[in-house]
Amino acid sequence: MVYMQGFGLILCVISVSLEIPCCLGAFAKVNVATIWRTATYGAIRTSPAFFKGTVIVGSDDGVLYGMSDMKGYKLWQFKAEGKIASGPTVIDGIAFIGTDAKYLYAIDAATGIMRWSWQAPDKIHSSPVAATGVVIFGCDDNFLYGFELRTGQRRWAFSTGGDIDSTAAVERDVAYVGSADGHLYSVFALTGILNWKVRLGDMITSSPNLVNKVLYVGTSLKDGGKVYAINPDNGNVHWFFRTEGWVTGKPAVENGAVFVGDHSKAVYCLYADNGQQRWRFQTQGIIESSPVVDQGVVYVGSYDSTLYALDALTGDLKWSFKAKGSIHSTPALAHDLVYFGSWDNYMYAIKPHTWRRESDEL
1 MVYMQGFGLI LCVISVSLEI PCCLGAFAKV NVATIWRTAT YGAIRTSPAF
51 FKGTVIVGSD DGVLYGMSDM KGYKLWQFKA EGKIASGPTV IDGIAFIGTD
101 AKYLYAIDAA TGIMRWSWQA PDKIHSSPVA ATGVVIFGCD DNFLYGFELR
151 TGQRRWAFST GGDIDSTAAV ERDVAYVGSA DGHLYSVFAL TGILNWKVRL
201 GDMITSSPNL VNKVLYVGTS LKDGGKVYAI NPDNGNVHWF FRTEGWVTGK
251 PAVENGAVFV GDHSKAVYCL YADNGQQRWR FQTQGIIESS PVVDQGVVYV
301 GSYDSTLYAL DALTGDLKWS FKAKGSIHST PALAHDLVYF GSWDNYMYAI
351 KPHTWRRESD EL
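In the working numbering, the protein residues as written are 1 to 362.
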């Protein structure tokens, strides 16, 4: 509705997902190869980051891992205090993470050696992002923080009325972030001074995405959710679309379309200019993974333990891959591979391959 350590490594395990008619007398068959999968001792809820041949990912076992992006073997490990609750972000060679044990860490992305840390007042689920010399992140103490990137010295703290699990979007030294108090905030990234705020729902844990001078963000309501398109200059609403479930992931925007999943187990594609629904795809599990779009394919994980690859134009299923645990992690793409973590404790790198054969019925 629209209103304006000992860790198993498995190589080349093939999963044949489906066979798709592609033209008269021919079929396209998609094989998905597990290039590697590497075990940790806890669920992987966070999304991976990359740095010079290393894929970096955190686990509920409290370890931040640096793995070879092509082979999956471990290059380094850093043991943090508590479960790693925020996806790592690499800024100028430093990987930043937050934990359930109330710590922010700055880790050398090449070696896994800690540069600095800070004990926060509460849990950190928000992934850190960068402005000019400042790392910005939210905390469950209701504050958005700005720290000196190199030294770890606190520069400012901005108070909201609820937990901040949302990861900020930053452009031109202005940060945009949602709070559990239902407001979307615009804050000057170098000073922490409020620019504007607007109330959009009961709770915002979705991370905003700023594309082509429009902010897209999801909200959670008592009876569902909404996706908003917002003017970043003043917080005015361009349009919103009502979903059947909470929207907690970050909307993806590509080629005039907005892609988002929700707690009703659906993936939505909306027209970016007016919020009208283009298509909807139903999975069998809650979706908290943020969609990623590349070369006309939408990749998204679900709590039904499946990673889905959907046609961005039609919403048709191109292929799927079944893990052994829920997929909360947002997939990442590099080297023609799809990387993601699962609640089955594994980090995966998979590669789809399509080949065509002639039909017997000509």
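Check each hint, because a few of them may be wrong.
Said to hold, decoys possible - Taking lysine-lysine pairs in the BS3-like style, the calculated list, with each CA pair at most 30 Å apart, reads: (1) Lys52 / Lys351; (2) Lys79 / Lys29; (3) Lys79 / Lys52; (4) Lys351 / Lys83; (5) Lys265 / Lys52; (6) Lys52 / Lys29; (7) Lys351 / Lys29; (8) Lys351 / Lys71.
Just so you know, the hints here were simulated from the structure itself, not pulled from any lab data.
These numbers were taken from a predicted model, which means no experiment stands behind them.
Lys79 and Lys52: Cα distance at most 30 Å? 21 Å, holds
Taking 30 Å as the top limit, are the C-alpha atoms of Lys52 and Lys351 close enough? Between Lys52 and Lys351 the Cα gap is close to 20 Å, so the pair holds against 30 Å.
Restraint check for Lys52 with Lys29, where alpha carbons must lie at most 30 Å apart: Outside the cut-off at roughly 33 Å; violated.
Against the 30 Å threshold, does the CA-CA distance of Lys265 and Lys52 hold or violate the hint? 35 Å, violated
Given the proposed pairing of Lys351 with Lys29, does the C-alpha separation stay at or below 30 Å? Distance of about 14 Å is within 30 Å: holds.
Just to be careful, I want the Cα atoms of Lys79 and Lys29 compared with a cutoff of 30 Å; is the pair within it? 42 Å, violated
Verify the proposed pairing of Lys351 with Lys71, using a straight-line Cα cut of 30 Å. Distance ~13 Å between Lys351 and Lys71 Cα, so the pair holds.
Are the Cα positions of Lys351 and Lys83 separated by 30 Å at most? Holds, at roughly 29 Å.
The structure fails hints 2, 5 and 6 (numbered hints given earlier, in ascending order).
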